[in-house]
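Asks: Working from the sequences, and respecting the hints, build out all of it.
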Amino acid sequence: MAALSQFFSHLYTLTIIFFTILLLELVILVRSLASNFNTSSASDPPPLSTAHFLDLVEENIPASRFSHNTTTGSRIEPTECAVCLSMVEEGEEIRNLKCNHMFHKVCLDTWLQQDWATCPLCRTVVVPEEIVMKYRQRRNHHHHHQDQYDGSDEELIFLLSAIHGNNLHRLL
Numbered sequence: 319m320a321a322l323s324q325f326f327s328h329l330y331t332l333t334i335i336f337f338t339i340l341l342l343e344l345v346i347l348v349r350s351l352a353s354n355f356n357t358s359s360a361s362d363p364p365p366l367s368t369a370h371f372l373d374l375v376e377e378n379i380p381a382s383r384f385s386h387n388t389t390t391g392s393r394i395e396p397t398e399c400a401v402c403l404s405m406v407e408e409g410e411e412i413r414n415l416k417c418n419h420m421f422h423k424v425c426l427d428t429w430l431q432q433d434w435a436t437c438p439l440c441r442t443v444v445v446p447e448e449i450v451m452k453y454r455q456r457r458n459h460h461h462h463h464q465d466q467y468d469g470s471d472e473e474l475i476f477l478l479s480a481i482h483g484n485n486l487h488r489l490l
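To convert, count from 1 in the sequence shown and add 318; that's the working numbering.
No false leads were mixed into what you were given.
Simulated restraints on C-beta separations:
| no. | residue 1 | residue 2 | range |
| --- | --- | --- | --- |
| 1 | Ser404 | Thr338 | 48 to 56 Å |
| 2 | Ala369 | Arg349 | 27 to 35 Å |
| 3 | Leu341 | Thr428 | 37 to 45 Å |
Because the hints were derived from the structure by calculation, they are not lab data. No residue lacks a Cβ here, since even glycine has one placed at the ideal position from N, Cα and C.
Replies: Listed below in structure tokens is the structure:
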């Protein structure tokens, strides 16, 4: 008889856990839908993907290959990329900014992807701010969704144990 009572007790606890998980999933879904509804409007331009952002950077600051020799035949002094602090070598892809600062293409692209629209050295604007703002929208939208509950078991066990006490740990 005690075994039957314990079985129904466990069954009751598992039923409560199931319905709690179901309720949590519904709350997460409703919050997600409400968040998407409130943050997007028909007048907002769509956020930029990373690939599209880098295409726009390429349009504004075309990359080229580094060469120690100029067209006049005089030799350029060794140059260091101020982002990675490595020497720029012959044939590497670079970006020359209007402020006359030069960087490895990959280094400057990484800098610009961190929401910086300026030269890493002198802070001259190198990409129009509206491009960076559109890209920032995508990053903020993506980051916002990462902050929500991701369905990890540890968080769920902690939440349910707080709701249902220590009986849950004995079941699991």
